[in-house]
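Visitor: Residue numbers (the numbering used here), protein chains in the order written: chain A, 998 to 1421; chain B, 292 to 627; chain C, 89 to 383.
If you're looking for bench data, these hints aren't it; they were derived computationally from the structure.
Be careful, since some hints might not be right.
As the list claims (entries may be wrong) - The calculated lysine to aspartate or glutamate pairs, modelled on EDC-like cross-linking and capped at a C-alpha distance of 20 Å, are:
no., chain 1, residue 1, chain 2, residue 2
1, A, K1073, A, D1138
2, A, K1157, B, D324
3, A, K1080, B, D440
4, A, K1228, C, E92
5, A, K1317, C, E207
6, A, K1139, B, D440
7, A, K1228, A, E1416
What the hints assert, rightly or not - Estimated spans, in silico, between C-beta atoms of each pair:
no., chain 1, residue 1, chain 2, residue 2, range
8, C, F204, A, D1372, 33 to 41 Å
9, B, A459, A, I1169, 51 to 59 Å
10, C, R267, B, L309, 44 to 52 Å
11, C, R267, B, K503, 28 to 36 Å
12, A, S1064, C, V203, 31 to 39 Å
13, C, R254, B, L306, 55 to 63 Å
14, C, F204, A, T1291, 52 to 60 Å
15, C, V237, B, L586, 44 to 52 Å
16, C, R251, B, G412, 27 to 35 Å
17, A, I1070, B, L586, 29 to 37 Å
18, A, D1372, B, I435, 32 to 40 Å
19, A, P1412, C, R251, 51 to 59 Å
Claimed, not checked - A few chain A residues facing chain B, derived, Cβ under 8 Å:
no., residue
20, S1040
21, T1101
22, A1118
23, P1121
24, T1212
25, N1346
26, V1350
27, D1351
28, K1354
The structure displayed is predicted, hence computed values, not measured ones.
Note that the Cβ used here is the ideal one computed from N, Cα and C, for glycine as well.
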Amino acid sequence: MRLNPVRKWLGVISLVAGMVLTWPVPAGAALEKVVIGHAACLSGKYAKAGEQSFGGIQAAVNWVNESHGGVSIGGKKIPLEYKYYDTESKKESVTSLLERLITTDKVNALLAPYSSGLTLAGAPVAEKYGIVYLDHGGASDKIFTQGFEYVVQTIGPGSKYHTGTLDLVKAIDPEATKVALAYEDSEFARSVMDGAKEHAQKLGFDIVFQRTYPTGVTDLTPLLSALKATKPDIVLGGGHFEDGQLFNRQMADLDIDAKALSLIAAATLPAFYEALGPLAEGVMGPSHWEDGVTFSPDRANQAGLPWIGPSQDEFVSLFKAALGKDVIPDYHAAEAGAAVLALVMGIENADSVDSDKVHKALGDLTFMSFYGSWDVDETGKQIGHPMVNVQWQNGNRLIVAPAAAKTGDILYPMPTFAEKTAKE
Amino acid sequence: MSPSRTRLERYYALLPVLGAYLVLFLIGNGQPDMWQLVAMLAFYCALGQAFNLFLGMTGYVDFGYVAFAGVGTYGMAISISHLSAVEGIGGWAIAIGLLLGATMATLLSLAVGAVALRLRGAYFAIATIGVNEGFRYFVEGARIWNGSDGIIFSRDLRLIFGRETATALSTFWADVLVLLIAALAGVVTLLFMRNKIGYALTALRADEDAAKVMGINVTKYKIMAFITSAVFAGLLGATAWALKLTYVYPPDVFEIHYTVEAIVIVMLGGAGTLLGPLVGGLVYGLSKYWLAVTLPGFQLLIFAPLLLVIVVLFPEGLVGVLKKKIGNRPLGKFIV
Amino acid sequence: MLGEQLLGNLIQGLVLGCVYGAATMGLSLIFGVLRVVNVGHGAFIMVGAFTALLLFNVFGINPILAAPVALLIGLGLGFAVYYLVMQRLVQAPELASLLATFGVGLLLEETVKQVFGSEFRGYYWSVGQLDLGVTVLPMTKLYACAGSVLVAVLLYIWHRKTRAGRALRSVVEDAEGARVCGVNVNWVYAMSFAIGIGLTVLGGVLLTMFIPVGINPYMGGVYTLKAFVIAVLGGLASPYGAFFGGLIFGIIENGSYTLLATIEGVEPFALARALSFIMLLVILLIRPTGLFKTK
């Protein structure tokens, strides 16, 4: 079937005409609103985290407009607007979309794309225009050693992820000495591993196994077989989502039992238990935030910190409304939302949207929100935010550490896989 | 007509190409909010022109093409991160970076070519995929160049140039270089087309065995095209990825989807034509941008069926179709 | 100690290899008959994985029963793709068919993402395990292995012994000649493509029996690359060559880990993968028709 050439060209012409007619035109410039721009990752390899971040940001923005009444500048309440484009998780798009946000949409601040790499890719553009660049999804310490002046981080640095876990186990079981480290070979996971190793050695643990595996690995069997042979008491590891699920599942497949298993990123998400069922019982994971932490205005008062933002529950319902789906927000959503709250506080404290003033205000700022406490050092790196440790018990996630935030006691040692499968 | 006039006339086709790049530069430089968009378009055009040197002219599909851009990126990254300690090195760091990137790409292409160019068709395509993936895992596995940590060198760039210039380099000059690379690739394409190598490649593209029988040294010309195309990719990686973004992670630069994008751009515009990759790059880049802005999250869903439509209905690409219509008229000598 | 681990890994690799092989047979079949490289191969595996996931989580149907369903889905998809897209491209240069199969794969991925989201999912199906001393094998892996072998055997029988299989072989040998003899070549192409896709989708189910977690719309890419190496190992045009290619690949992927891990300062997994691609290049150079004499 050959298509009539006239029809072919008609099709092409109408397509082009359609594009031209709907070509997005610059917004009218006026400061009747404060605009935050985001180079989002709504598709491509960071789609999942990107979607969560998007929901968290939208939820926070909605809270600011509805409950907070807008951003207070010069005695007036100004509405907050959220503009976002999809980078497809690709670095080429990041710079062009960021620039569009700055020059065409005239945003007052930028939210970086998810992941350390993409955050880095966009940093020079933010520098060039001198606009505050909020890092909500890039945990690499290296971002802050490059000399960028406008980056402000909300997510905590990688090196602190597993230190709390080690403290926890040490306190309960001084007899447990052997630690196995098995992390994904990516910048972020390796910074976790290095931090964990240093802390473990400080506490007197014995590192009996230390290996990495590549991103996108599909079978961890050889690595786990080698791990099994060292008979560790505690296993720490992980990297991202799919490998965390794989890790747990294959430990079960190979019948490797340990007294404690803690996996970063994956273990604290609801999808983890859905995928693994009873095999996930007793598995722990460090998190920036979990649905269930008990940060509240009272706690803020006790700590002497200002409080801003929705309560835990409010955030969850705002999030679901923003995405239009019944999905529980995870820490990506929370940290992105917290970044927005930080910005609002910064603007209000500076009483202006001028980037340099806001940036300075953010440097001086410290506060508490549903996400926990927040404080950055002079390079913009986040230093105020504590991690929590979460553990699956009976299909629920309980926060077992730190003591001030916990919702349940730790289950230690972790039941063996034989016990876990027998339970059903 | 005197010989010299005909000689020059052969290169008239360069005018629209160089003109287009000049116009792009002027638009980007003139309008305050357009530069990064122009930069992105320039990247795609350059990618297409460079890839066209091989794919377009020989018809061979190098599925591992992005590896050359990848090593080019490393070349610049290594140069800047190591030379930042040298006093007053200034612009030489960039020049050395470009040279290093081009050299590494050449070396890799020689190694790959020695193996893969003996193969044809689908076997060639798969062999080249093997190269890209194998090289990437080798870098990560053997931990060369920092392995999967990659190299982040914004700080080194600032040390060498100072904050203002470093930022300008990343946000402006890197892109100017990309435009230059695209233009240069276009010039080389026409040079190929108007000389012996072009005829040889056209012959082998049509029927390699027949060309061999006629005495054309297909291997020599294939290798020439392959290396040239690889060098441009290396230069592109050194500028558009390294200098502009100031970091390199192996999984980000050895990403197979860039090769696919290059294939799409070349095919969309018209493989083997001079204007083709330029047109393809512009159309592709603009469509992506438009989709990203108006329908965020849905781009690929729209893009995939469009791709299918193009492949099935317009296999000779936009410029190819244009050539058929206008090729014989006087204007035709500009549409090559 | 090292020897034990090596043996354990080799056994695991063998079991995994069967599954890899079964999942790649479709790719080789399609190439052998149509000379088309299905670059969207991984996306179809993903479809199979989602089929198994949904049937199990929503209807409680275990993967063994999900397999025939997946095969049917794959057949349907294959026919649809052939008649809508591939039919026109059989004579075109490989560039066109490469791009087309890529586009189809991309479309599948994005559609699944829009409908099901990009979450990573899995299902939990546990039926006991086998402790071999040097290693432990859950029964699900053994089922996957057995299923893969069964599929390979059935394909062999179909290819060699049935009329349809004969028609296929005749087209591979000489399409014009077959046409003259009255074989409906276009139908053979359609059928081969459909069966190839069907096998691939089925392979996805088998794969989830081995690895029932981490299922998401973009999971296919990794498997496409592996499939290329396996298919080349076994001979790009030979469907059951691919099965043996898979076995070898599985053994090398797992077995080499133990050996590479003894070298200081390297990342054994990544190196093993690099090695597999080097192996690919070597084979293409020396014996492009693959390691096995099957046709």
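Visitor: Look at each hint and say if it fits the structure.
Guide: Here's how the hints hold up against the structure:
1. At roughly 38 Å between alpha-carbon atoms, K1073/A and D1138/A are farther apart than 20 Å, so this suggested pair is violated.
2. For a cut-off of 20 Å, the pair hint linking K1157/A to D324/B is broken: about 40 Å separates their Cα positions.
3. Note on K1080/A and D440/B: the hinted pairing is violated, with a Cα-Cα distance of about 32 Å set against a maximum of 20 Å.
4. A threshold of 20 Å between alpha carbons decides the hint, and for K1228/A with E92/C the separation of about 15 Å falls inside it, so the pair holds.
5. For the proposed pair K1317/A and E207/C, the alpha carbon gap of about 16 Å is at most 20 Å, so the pair holds.
6. For the given pair, K1139/A sits about 10 Å from D440/B by alpha-carbon distance, which is consistent with the 20 Å threshold.
7. Taking the CA atoms of K1228/A and E1416/A, the gap is about 18 Å. The hint holds against a cut of 20 Å.
8. Take F204/C and D1372/A: their Cβ atoms lie about 39 Å apart, and the range 33 to 41 Å holds.
9. The given range of 51 to 59 Å is respected by A459/B and I1169/A, whose C-beta atoms sit roughly 56 Å from each other.
10. Between R267/C and L309/B the beta carbons are some 51 Å apart, a value that agrees with the proposed interval 44 to 52 Å.
11. Checked against the given bound of 28 to 36 Å, the beta carbons of R267/C and K503/B, roughly 30 Å apart, stay inside it.
12. At about 34 Å, the CB distance of S1064/A to V203/C agrees with the hint of 31 to 39 Å.
13. The beta-carbon spacing between R254/C and L306/B, approximately 60 Å, falls within the hinted interval of 55 to 63 Å.
14. For F204/C paired with T1291/A, a C-beta distance near 34 Å fails the hint of 52 to 60 Å.
15. Between V237/C and L586/B the Cβ separation comes to about 46 Å, which falls inside the hinted range of 44 to 52 Å.
16. A hinted range of 27 to 35 Å holds for the C-beta pair R251/C and G412/B, which are about 30 Å apart.
17. A hinted range of 29 to 37 Å for the beta carbons of I1070/A and L586/B is consistent with their spacing of about 33 Å.
18. Judged by the Cβ atoms, the range 32 to 40 Å given for D1372/A and I435/B holds: they are separated by roughly 39 Å.
19. Separation of P1412/A from R251/C is about 57 Å and conforms to the stated range, judged on CB atoms against 51 to 59 Å.
20. About 6 Å separates the beta-carbon of S1040/A from the nearest beta-carbon of chain B, less than 8 Å, and the hint is met.
21. About 5 Å separates the beta-carbon of T1101/A from the nearest beta-carbon of chain B, less than 8 Å, and the hint is met.
22. This hint holds: A1118/A has a C-beta 4 Å from the nearest C-beta of chain B, less than the 8 Å allowed.
23. Among the interface hints, the one on P1121/A holds; its C-beta lies about 4 Å from the nearest C-beta in chain B, closer than the 8 Å criterion.
24. Taken as an interface hint, T1212/A checks out: its beta carbon lies about 6 Å from the nearest beta carbon of chain B, inside 8 Å.
25. Because the closest C-beta pair between N1346/A and chain B is about 26 Å apart, greater than 8 Å, the hint is violated.
26. At a threshold of 8 Å, the smallest CB-CB gap from V1350/A to chain B is about 19 Å, leaving the interface hint violated.
27. Annotation: D1351/A was flagged as interfacial toward chain B, and the flag is violated, the nearest CB pair being 19 Å apart, outside 8 Å.
28. Taking 8 Å as the C-beta contact cut-off toward chain B, the hint placing K1354/A at the interface is violated, the least distance being around 20 Å.
The structure shown violates the earlier hints numbered 1, 2, 3, 14, 25, 26, 27, 28.
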